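Following the hints, put chain X in place on chain D, whose structure we already have.
The listed protein sequences derive, respectively, from chains D and X.
Counted the way my numbering counts, the first sequence spans residues 334 to 898.
Counted the way my numbering counts, the second sequence spans residues 950 to 1112.
Hints may contain errors.
Stated by the list, open to error - With a cut-off of at most 25 Å between alpha-carbon atoms, the simulated SDA-like pairs for lysine to any residue come out as follows:
hint : chain 1 : residue 1 : chain 2 : residue 2
1    : X       : Lys-1011  : D       : Tyr-602
2    : D       : Lys-646   : X       : Lys-961
3    : X       : Lys-961   : D       : Asp-470
4    : D       : Lys-531   : D       : Ala-642
5    : D       : Lys-479   : X       : Glu-1007
6    : D       : Lys-626   : X       : Asp-1003
7    : D       : Lys-646   : X       : Asp-1024
8    : X       : Lys-1026  : D       : Val-871
9    : D       : Lys-646   : X       : Lys-1015
10   : X       : Lys-1011  : D       : Val-514
11   : D       : Lys-626   : X       : Glu-1007
12   : X       : Lys-1011  : D       : Lys-711
13   : X       : Lys-1015  : D       : Tyr-602
14   : D       : Lys-624   : X       : Val-1005
15   : D       : Lys-646   : X       : Arg-1000
16   : D       : Lys-472   : X       : Asp-1018
17   : D       : Lys-513   : X       : Glu-1007
18   : D       : Lys-633   : X       : Val-1005
19   : D       : Lys-626   : X       : Leu-1006
20   : D       : Lys-646   : X       : Gln-1012
21   : D       : Lys-472   : X       : Val-964
22   : X       : Lys-1015  : D       : Asn-453
23   : D       : Lys-711   : D       : Glu-851
24   : X       : Lys-1011  : D       : Asp-470
25   : D       : Lys-472   : X       : Lys-1011
26   : D       : Lys-479   : X       : Ile-992
27   : D       : Lys-649   : X       : Ser-973
28   : D       : Lys-671   : D       : Tyr-683
29   : X       : Lys-1015  : D       : Gly-747
30   : X       : Lys-1015  : D       : Pro-521
31   : D       : Lys-649   : X       : Lys-961
32   : X       : Lys-1011  : D       : Ile-826
33   : D       : Lys-679   : D       : Tyr-602
34   : D       : Lys-667   : D       : Gly-558
35   : X       : Lys-1011  : D       : Pro-460
36   : D       : Lys-472   : X       : Asp-1003
37   : D       : Lys-633   : X       : Lys-1011
Honestly, the hints are just simulated from the structure, not real lab data.
Quick caveat, the model's predicted, so the values are computed rather than measured.
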Amino acid sequence: MKESTGKMTGARALIECLYREGVDTIFGYPGGVLLPIYDALYDSDIRHVLVRHEQAAAHAAEGYARATGKTGVCIATSGPGATNLVTGIANAYMDSIPMVAFTGQVPSSLIGNDAFQEANITGITMPITKHNYLVQDAKELPRIIKEAFHIASTGRPGPVLVDLPKDITTEEIEFYYPDKVELRGYNPTYRGNIQQIKKAAAEISKSENPVIYAGGGVISSNAAGELKELAEKIQAPVTTTLTGMGGFPGDHSLFIGMPGMHGSKYANYAIQESDLILAVGVRFDDRVTGKLKSFATNAKIIHIDIDPAEISKNIKVDIPIVGDAKWILANLLKYAEKSQSEEWLKKIEYWKKAYPLHYIEPATGDGIKPQYIIEQIKEACEDAIIVTEVGQHQMWAAQYFRYKEPRTFISSGGLGTMGYGFPASIGAKLGKPDKVVFDISGDGSFQMNSQELATVVQENVPVIIAIFNNGYLGMVRQWQELFFDRRYSSTCIQDSVDFVKLAEAYGALGLRATKRDEVRPAIEEAIASGRPTVIDFVVECEENVSPMVPAGAAINEILDLERKE
Amino acid sequence: MRHTLSVLVENKHGVLTRVAGMFSRRGYNIDSLTVGVTEDPTISRMTIVVRGDDEVLEQVTKQLNKLIDVIRVTDLKSEETVERELALFKVSSDVSNRSEIMQIADIFRARIIDVAPRSMIIEVTGDESKIDAIEQLLRPFGIREMVRTGKVALRRGAKGVSS
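Pulled out of the complex, with its shape left as it was, chain D reads as follows (with noise of 0.2 Å):
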């Protein structure tokens, strides 16, 4: 325990605390209960970016937290204003990304009172955060904090939420921020076993078919490095999930896409007639594997994971390291050696050359495909980081843009969150101020939180938000043509707003493409302007995204769905 710093309130002592844990900006709004912390934030260094709904500070957070590697951090006053953070805190706990989230609750004595905006919202949270606190005690204030950025940063990472009360704020505390945490219920284990890493060595030597399945762990654990040595000592391709992009080099002979649902058709052979697959950092999602009983039969499995609880949880794994990745990579690297795959390789060079990613740029006219844009924006920006929404262009997305290097690639994975893209950029610009941000957008996602386009323009906030404007809620679309027999049931959203004049209402800038030779000066304009831009790319209606699985089918039953003219 440190020397008390001195008397101060709650509130004062929140800020302490942040300070303390190195956090420079938070994304929030204030409300009733907030009052005494909101006039302590006046005085303080930190930044304080004001959202237009507390959604958008939550996806904030964390869109700042994926690009930097920090503790994302946002705060909502009580009430609607904590149920506003909700579907935020889910996405954040689904994608394991590090926030902690504080609410106002209204006084202590009031609690329990159905007191006037009251939620209990640390009930309401508790299946959706790693862990969450109610202060009680002023005095407990420090250590609760400091607990919960060890908590949301370290192990497996996640949401920590810390409940509020409004007397808690205003009483004076003498200021103590502890050294350490000690919580005798919480140690995660990093060093994996050696014995359990001398085996997985002596199964990939043996391998005649190997195929490396990476996920998000492989970014949280900051191991793309050791993973890009083993690939190459080992000889194995490399497949990352939707939350693994980047984790391995989108340009890497060696690399085989994304697997799954709208993966390459040769990541999923390959999955399929692997007969090693080494699992880093995933947790075999459903989208990736598709029908389970059929996924990678012969194949036997190796999975690194820091959570124990995701060992053979839907897959029976054979030798699971339990483990930072970085750290078992490391170890990895130094007992196992090159793997029998020489024809393997070649069998995959000629799956990729037969099968690869592809779209039919039309033969007439001049119409915009989806995926040129994302092509697009590649060539005028490589590093760029780019964030997502949910729907077909995220797919397009993580698709044909081939990130080289983590945390250049965001995106609302297991929650699959519309709305989540326009928030999280702003974070990543924060977070990364150096860096062209772009949300890749549709017209129904960026509706569900435009707003923030008044943040971005307040706050200057300079993210290019370029939709997909194709008129229609477009991955819902495609299923019911695929399955529904073309009966467009509430999907057709088209002409419902003109983005360029809702982009300039705002003050930002709006600009439209509807021309397949209006796209690059479009995405130039935008990137030149260094202003918040919105850009109304009209595409292709009814482009669909290709390949696809179809739900309950093995992932090798994997239809071509590229629309001709």
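For chain X alone, kept in the frame of chain D given last:
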């Protein structure tokens, strides 16, 4: 298959909700759950009887361990464990059958803890099958109310689950 889990948790508000909530949202069934403080007043012990095969048990154990307030989870094997449950039965009785009920209680080493003109309360401790058995025998007299605590269990011998 039924398993008895001994779960040491922080003795704090909300911990029972966290544990019960985890069971319900992941679709595991609890047969019984008891909770009380241990020899260390900062720690409570939950004894949870859960139904499922080995894979379910493995997931339950891992998911319990993920909760920050859970300190230790032990699967108690019945052969190395003593298990007890307590039950109270309020049985209709009058002067005509009182002694018959007392004889049954005697056989089960149960105790009569309340006698009234038209009822008696019987306290019995034992494993589940013993309590089921006395319930069968008391039923013909008319069980007005009964309450069972659910199982508590400790490992036999000097070694505990926390050591």
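* **Pair hint outcome, Lys-1011 (chain X) versus Tyr-602 (chain D) [Cα-Cα no greater than 25 Å]** => 33 Å, violated
* For the pair we were handed, Lys-472 (chain D) and Lys-1011 (chain X), check the Cα-Cα distance against 25 Å. => 33 Å, violated
* To do: Verify the proposed pairing of Lys-1011 (chain X) with Val-514 (chain D), using a straight-line Cα cut of 25 Å.
  => 22 Å, holds
* Asked: Are Lys-1011 (chain X) and Ile-826 (chain D) close enough, with their CA atoms no more than 25 Å apart?
  -> Not OK: Lys-1011 (chain X) and Ile-826 (chain D) at ~45 Å, beyond 25 Å, violated.
* Mind checking the alpha carbons of Lys-646 (chain D) and Gln-1012 (chain X) for me, to see if they're no more than 25 Å apart? => This hinted pair holds, its Cα atoms lying about 11 Å apart.
* Asked: Is the Cα-Cα distance between Lys-646 (chain D) and Arg-1000 (chain X) 25 Å or less?
  -> 18 Å, holds
* Asked: For the pair supplied as a hint, Lys-679 (chain D) and Tyr-602 (chain D), is the alpha-carbon distance within the 25 Å limit?
  -> 13 Å, holds
* Asked: Quick one, are Lys-649 (chain D) and Lys-961 (chain X) close enough, alpha carbons at most 25 Å?
  -> 36 Å, violated
* **Pair hint Lys-513 (chain D) and Glu-1007 (chain X), alpha-carbon separation not exceeding 25 Å** => Violated: Lys-513 (chain D) and Glu-1007 (chain X) sit about 32 Å apart, past 25 Å.
* Asked: Are Lys-646 (chain D) and Asp-1024 (chain X) close enough, with their CA atoms no more than 25 Å apart?
  -> 19 Å, holds
* Is it true that the CA of Lys-1011 (chain X) sits at most 25 Å from the CA of Pro-460 (chain D)? -> The hint holds at about 16 Å.
* 25 Å Cα cutoff - pair Lys-626 (chain D), Glu-1007 (chain X) -> Cα-Cα ~20 Å, so holds.
Checked against the numbered hints listed earlier, the structure breaks hints 1, 2, 5, 8, 12, 13, 17, 24, 25, 31, 32 and 36; every other hint is satisfied.
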